[in-house]
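> Chain A is already provided as a structure; the job is to place chain B on it using the hints.
Protein chains in written order, with this note's numbering: chain A, 1 to 478; chain B, 1 to 478.
What the hints contain is simulated information worked out from the structure, not anything from laboratory work. Keep in mind that a hint or two might mislead.
Any copy, or any two copies together, can satisfy a pair, since identical chains are not distinguished.
Okay, derived cross-link-like pairs now, PhoX-like style, lysine-lysine, Cα gap no bigger than 20 angstroms in a straight line [said to hold, decoys possible]:
hint, residue 1, residue 2
1, K324, K136
2, K149, K105
3, K206, K28
4, K27, K136
5, K136, K28
The model shown is predicted, which means the values in this text are computed figures rather than measured ones.
There are 2 protein chains.
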Amino acid sequence: MADNKKMVDAITSMEENFAQWYTDVVKKAELASYSGVRGCMIVRPYGTALWENIRNDLDSRFKALGHENIMMPMFIPESLLQREKDHVEGFAPEVAWVTHGGDEKLQERLCVRPTSETVFCEHYADIIHSYRDLPKLYNQWCSVVRWEKTTRPFLRTMEFYWQEGHTMHETAEEALEETERMLNVYADFCEQSLAIPVVKGRKTDKEKFAGAEATYTIEAMMHDGKALQSGTSHYFGDGFARAFDIQFTDRANQLQYPHQTSWGMSTRIIGAIIMTHGDDNGLVLPPAVAPIQLVILPIAQHKPGVLDKARELADRLSAVARVKVDDSDNSAGWKFAEYEMKGVPLRLEIGPRDIENNQCVLVRRDNREKTVVSLDELETKIPELLKAVHDGLYQKALDRRESMTFTVTTMDEMKKTADEQPGLIKAMWCGDEECELKLKEIAGVTSRCMPFEQEHIADTCVCCGKPAKTMVVWGKAY
Amino acid sequence: MADNKKMVDAITSMEENFAQWYTDVVKKAELASYSGVRGCMIVRPYGTALWENIRNDLDSRFKALGHENIMMPMFIPESLLQREKDHVEGFAPEVAWVTHGGDEKLQERLCVRPTSETVFCEHYADIIHSYRDLPKLYNQWCSVVRWEKTTRPFLRTMEFYWQEGHTMHETAEEALEETERMLNVYADFCEQSLAIPVVKGRKTDKEKFAGAEATYTIEAMMHDGKALQSGTSHYFGDGFARAFDIQFTDRANQLQYPHQTSWGMSTRIIGAIIMTHGDDNGLVLPPAVAPIQLVILPIAQHKPGVLDKARELADRLSAVARVKVDDSDNSAGWKFAEYEMKGVPLRLEIGPRDIENNQCVLVRRDNREKTVVSLDELETKIPELLKAVHDGLYQKALDRRESMTFTVTTMDEMKKTADEQPGLIKAMWCGDEECELKLKEIAGVTSRCMPFEQEHIADTCVCCGKPAKTMVVWGKAY
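Next comes chain A alone, as it looks inside the complex (with noise of 0.2 angstroms):
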């Protein structure tokens, strides 16, 4: 250990700063950190592990819906970017300009995509002539650029890496219905494969994506109680088809416009599984997209056959986990703290007497529960330990979730449980936008969504005490 640089340092606690917490995380667990270039963020190997997991199981889903992946200009000509007003009066103020090739000034300044609808929509208007050709259910994965003013690592920077899916159908009811499909394929898998509960709904007129007809949302609350939007799925009717002329020959002969969706997920997500599972030891990866789940740590390791037994568990357990075996020569409560750091779901300790037992020590790191294992029931055991932190992770967050959301029917109420309570506030609405900014410059919450899911709370809108239209969740978001 003497020439060891490297040493585990105790991060901020979450009590004591949830900001220079999730910081200290993000740093310590080696996910990213920071470039020469403001707001732009390094994603390190085992932050782009992480985010390949979550891309191939969200890439498998997309695929298995028939859609395809296609890869689009990262550039933008002004011109293309003006062609939908609501569009680009959303995105405008805050796009890179390019102006210079080499030396040469360009006649036209191409801004560098914060998002492509527009360039889908070019393309669409060349390949969609019949309703032989519809419905196109394309994906890309790529980086995206907006000039935020204050960034932060995942949650936001200005670039970000993303899917976007951009479908055309031939029905507004099949549009929506893919819309609807997608918010779906989104919810499953921040549940399935991230342990994450979401609410799902859709989002008020003042906080859809700029040109969408409706925005549904999936929301989830983090650690600190503020809400984390980790996917939005858009619908558009056919005002870009208008936009750009996308017409088709339909069933009938006639000539119609094509109705449209985009729906993303970003590096973002990142940032809400550190929220969502994170403690004051660290990171809590959920199993099913940990670049690591298993880390074997042996023990005792310069005695004879240990690491031999280490390094052969490994390769045996690699059909059941990914595994890691660490057997550098750093100290066995250095290891300890790193991967518990670095947030790997199962520990497997082996040293002289477990061998001699034909036995290991398996530690959960949501828990730190430990089990004494016999190795020969490793291969059926690993993966139910895994599942069995899915399992705790999901519910630890589900629980937090409902023992951390009110619900209020008068504007004291709503004033008194955001300033007082951290979570999320169920509070009915009359559907004006007026009482959304009073409640934004009174409580200090905004919409996160109207739920799918709706409750009868009050007749009357918290707000202005006229009838009310729908359930809404109130509070504070990143």
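The following block gives chain B in isolation, referenced to the frame of chain A:
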């Protein structure tokens, strides 16, 4: 068929106009199309699926050797690009410059990465301190931008997709080993997965990468006899490390500069696949990376039982190949032409009489050889035939290259051969850049590489007659 808009038109023949043939194949096989931004292509779903197969194959080769993926920012500040003198001279004239973020003019221009040595080095300076931190074996998959004057899909585009490996090592020897190892990975991949034979060698100083001490290359020969540089691996010595102040404490507790490599393969390789294996019926894809390996075409599909049988076979055979069944109402003739155009390695035809006889017809794309096969033997026969297609493609490409590679010893022979015979030319060289320039001027050829497998053709340089140092492969190139 009445209402079927899409028809497979004949494409220009190779003989008539090779460049037009290439463009026709790219378009008709739906690999890529042009976007609204000059020189930027849309890689369509079929081209994207091909690239994903290439990426996954290469990626697993890299990971098997211990490389880790990382995601670096796409922007490089101008001052960072300028840190290594040769590098900036090579790339500054062809980068895209971002000058504005939203309405705000940037204090310092950012270029969109043309390659990422500089950002990797900045990060390495942060994370490399001790010999224990070495080697660093990083790779990233991304797109890069170079402001090219003339462009062609896949071969030369302003934005293109690639992987770039960037590694750091304790010693020059280790870095040189890595440079060679990764060139061999590329060569193996080309031969084993793409059925493309390549010449491995070193670039002359004139042709090497900006900032490198040595560039290794693999060169493939296209159908028209031109060479295509298909992958490169660079040794940097400690030049960048010095420019970026990257130092580590070695085993003897001395400060040292690490030694560096980088290596890349890009979407250009799709151009190589097209021009190595394609024919006048369209694309011919090597089975290992083909998005569809086997297309099942039901014959007389309106007859009872045919479609069911075709779908049943598709289900069954998806265990041994990537299968598509085309049950559209297009004619059988149209389908034959369509999947030939798309280069699908194997076609399975099944009609009512085949079903009666418990058999089907398998047709190879590369040589149109037909085999009647019992339905009970498909699980063994299909992998065999896919292997036969691969071997056939490789052998045909190798035979062509050998029959189109010439040896010359005088300038007269060189000029006559270069003028009259498409292909590569082996000739001795003194090592002087003046002779390279003269060969370009007089015979129109450039040095492709100094092959690792040297032959002693003559004692003297083909150009100046002075003592020869090395055999060079010369040619015209993409």
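> Now, for every hint given, state plainly whether the structure supports it.
Now the hints, each set against the structure:
no.	hint	result
1	K324 - K136	between (42 angstroms within a copy, 18 angstroms between copies)
2	K149 - K105	between (27 angstroms within a copy, 14 angstroms between copies)
3	K206 - K28	neither (38 angstroms within a copy, 45 angstroms between copies)
4	K27 - K136	between (41 angstroms within a copy, 18 angstroms between copies)
5	K136 - K28	between (43 angstroms within a copy, 18 angstroms between copies)
The earlier numbered hint that this structure contradicts is number 3, and it is the only one.
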